[in-house]
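Number of protein chains: 2
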Amino acid sequence: MLDEKILSILRNNTDSYVSGEELCKTAGISRAAIWKHIEKLRGEGYDIEALPHLGYRLVGIPDSLIASEIKWKLKTKVIGKNIMSYKKVDSTNDVVYDLAENGIGEGAVAVSEEQTKGKGRHGRQWLSPPHGGVYFSCVLRPEIAPTEIAKITLLAAVAVARSIRDVTGASAMIKWPNDILVNDKKVCGILTEMKAEQDAVDFVVVGIGINVNTPLKYLPKGASSLIAEIGGRAGEEKLSRIEVVRNVLEKLEEEYLKLKKHGFKPIIEDWKHFSAMIGSRVKVTLPNRTFEGLVHNLDSSGELVIRRDTGVLEKISSGDVVIVKN
Amino acid sequence: MLDEKILSILRNNTDSYVSGEELCKTAGISRAAIWKHIEKLRGEGYDIEALPHLGYRLVGIPDSLIASEIKWKLKTKVIGKNIMSYKKVDSTNDVVYDLAENGIGEGAVAVSEEQTKGKGRHGRQWLSPPHGGVYFSCVLRPEIAPTEIAKITLLAAVAVARSIRDVTGASAMIKWPNDILVNDKKVCGILTEMKAEQDAVDFVVVGIGINVNTPLKYLPKGASSLIAEIGGRAGEEKLSRIEVVRNVLEKLEEEYLKLKKHGFKPIIEDWKHFSAMIGSRVKVTLPNRTFEGLVHNLDSSGELVIRRDTGVLEKISSGDVVIVKN
Chain A
1141 MLDEKILSIL RNNTDSYVSG EELCKTAGIS RAAIWKHIEK LRGEGYDIEA
1191 LPHLGYRLVG IPDSLIASEI KWKLKTKVIG KNIMSYKKVD STNDVVYDLA
1241 ENGIGEGAVA VSEEQTKGKG RHGRQWLSPP HGGVYFSCVL RPEIAPTEIA
1291 KITLLAAVAV ARSIRDVTGA SAMIKWPNDI LVNDKKVCGI LTEMKAEQDA
1341 VDFVVVGIGI NVNTPLKYLP KGASSLIAEI GGRAGEEKLS RIEVVRNVLE
1391 KLEEEYLKLK KHGFKPIIED WKHFSAMIGS RVKVTLPNRT FEGLVHNLDS
1441 SGELVIRRDT GVLEKISSGD VVIVKN
Chain B
1141 MLDEKILSIL RNNTDSYVSG EELCKTAGIS RAAIWKHIEK LRGEGYDIEA
1191 LPHLGYRLVG IPDSLIASEI KWKLKTKVIG KNIMSYKKVD STNDVVYDLA
1241 ENGIGEGAVA VSEEQTKGKG RHGRQWLSPP HGGVYFSCVL RPEIAPTEIA
1291 KITLLAAVAV ARSIRDVTGA SAMIKWPNDI LVNDKKVCGI LTEMKAEQDA
1341 VDFVVVGIGI NVNTPLKYLP KGASSLIAEI GGRAGEEKLS RIEVVRNVLE
1391 KLEEEYLKLK KHGFKPIIED WKHFSAMIGS RVKVTLPNRT FEGLVHNLDS
1441 SGELVIRRDT GVLEKISSGD VVIVKN
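Sequences listed follow chains A and B, in order. Counting from 1 along the first sequence, just add 1140 to a position and that's the residue number in this note's numbering. Counting from 1 along the second sequence, just add 1140 to a position and that's the residue number in this note's numbering.
Worth double-checking, as some hints may not be accurate.
Intra- or inter-copy, both count: the list cannot distinguish identical chains.
What the hints assert, rightly or not - Distance condition first, Cα-Cα at most 30 Å in a straight line; then the derived DSBU-like pairs of lysine-lysine:
| # | residue 1 | residue 2 |
| --- | --- | --- |
| 1 | 1423 | 1400 |
| 2 | 1221 | 1176 |
| 3 | 1465 | 1455 |
| 4 | 1165 | 1213 |
| 5 | 1401 | 1423 |
Because the hints were derived from the structure by calculation, they are not lab data.
The task is simple: from the sequences and hints, build the whole structure.
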């Protein structure tokens, strides 16, 4: 708490020095104690300048996903008010799922620098190297039926696409149902999991992995990072990962409130706007068959409507859909 | 293991005595060791007669939900091959859900004499007193979409109705979606929970609570027990709870294999056959409205089709439906 108080004073005065005396008074502790807290913050990666007669000044914050950094200036009411940050976990989805089963409130977030068992759809792996990616999961407790779960994935996709556009200026697009592309390359995956009874969702965990500054050598083929796609060189230039996470949480809350207030319709419209698929020729792989067609629309329940070459419309709620280059 | 071996020999010879010598030979241990095992089994509630010069004879098995008793003669390939039995748990669904999250295989079952936090639909309580009920849950790992979860509840309802008819002869009926009635009184509830991603179920936990011998004073209004409904007096007469559990597990496997082999259609037909609702006048309570109508059908996805007085057909996948007496 005292660390955060001192940090907060320094944050509010980054263009001047805060005297030791002033820090003592505001924090209500001795000079020696102030010094100890400053050293602790430096240990966490905060760059704090200390000049005789002038005092202290915050000149740099660490490139770590520290909960208090994400919460700093986070403009949300629910999502991210409770953040747990980790150096390494199996899977942030699993961490949050367990917490949710034990009753943790809506909006709780776990964020990690690395996942050793990052999960993609259908038990696939989501590579989560500790080199500049962000991996986080959030619990939601919407009053919906399990049949409506697709809405939450699509909502999260809209939030992330919006956020990447906001932070980087890149034209992020959505590939149904759960990938975000920049320049046709995958930079983000979303995995939605739920606990539900027959007709009522207990909770949903939305997991989001974004390759922010990740060097391409750590990523699978077809994937890229935000920094690479906006023309930077990973390892030398960096986007603020804190800002990315904070911005996504804010957009997620915006879209979630939109769903609660206006239903799913405005989200579908946004989704279509960001879709990398509508009008594209795709190949659909279902468990028992494959076919090609043109993506015609996204229907009101979040199913992808595909017009086959025979003219028949098919609705797809699962399966793999890849864009076929002409 | 030795207990089970000795028990198995005695079980195969309930109309004669097995000499100590024979037991020693078959089990491969000494007379003194046999005696110790017999005493242990007696401690668990087995009634074993021991006569000089004649030997041992099994004359009674305990009225406890011992895993090895349920497994004895259980005619299933998957469901119940792995049974864990408890004196008391919070909720057998929670026990099995946790095991399933940690990877336990399909068909694992937890059974308990009592639940301190027995669960009904929508967070309601399911009273589970330690007085003659059976409470058990089973994990299934069907390859279905979460939208198909209703099928599993309906399948379980068919299995339980069939089983109660088989064991007691009573005309068990199904009240949509998850109750089993005998003489219009609730004797069993089913709670289906799942973990799923957007388009694939990870696992389903089917929880079943049956008031077998439970005295009515322990049950809520409108509920009854199997023994009471077939004219017995709970506390004095008893149905074999072991037999009830074993039979339900067998019927559950039969219906589950039917689903895998022939799809949902034969299960719907069976469901209709056992339905206490089709043709009945009902009152439907949804989160935002209520209405009355006649139950017209169960559709191919497990939704209840109700004809309102205006003639309009409505499909119901959730909500509370109660039969209105004319």
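Inset, instruction - Evaluate residue 1423 and residue 1400 at a C-alpha cut-off of 30 Å and name the case that applies: within, between, both or neither. - result: between (34 Å within a copy, 28 Å between copies)
Legend entry - Within, between, both or neither, where residue 1465 and residue 1455 count as close if Cα-Cα is 30 Å or less: Classified as within; 22 Å inside a copy, 42 Å across copies.
Inset, instruction - Please work out whether the CA atoms of residue 1401 and residue 1423 approach to 30 Å or closer within one copy, between two copies, in both situations, or in neither? - result: between (36 Å within a copy, 29 Å between copies)
Inset, instruction - Up to 30 Å between alpha-carbons, please classify residue 1221 paired with residue 1176: within, between, both or neither. - result: For residue 1221 and residue 1176, the Cα distance is within 30 Å only inside one copy (28 Å; across copies 61 Å).
Inset, instruction - Have a look at residue 1165 and residue 1213 and pick one of within, between, both or neither, based on CA distance no larger than 30 Å. - result: So residue 1165 and residue 1213 pass the 30 Å test inside one copy only (24 Å; across, 78 Å).
Checked against the numbered hints above, the structure violates none of them.
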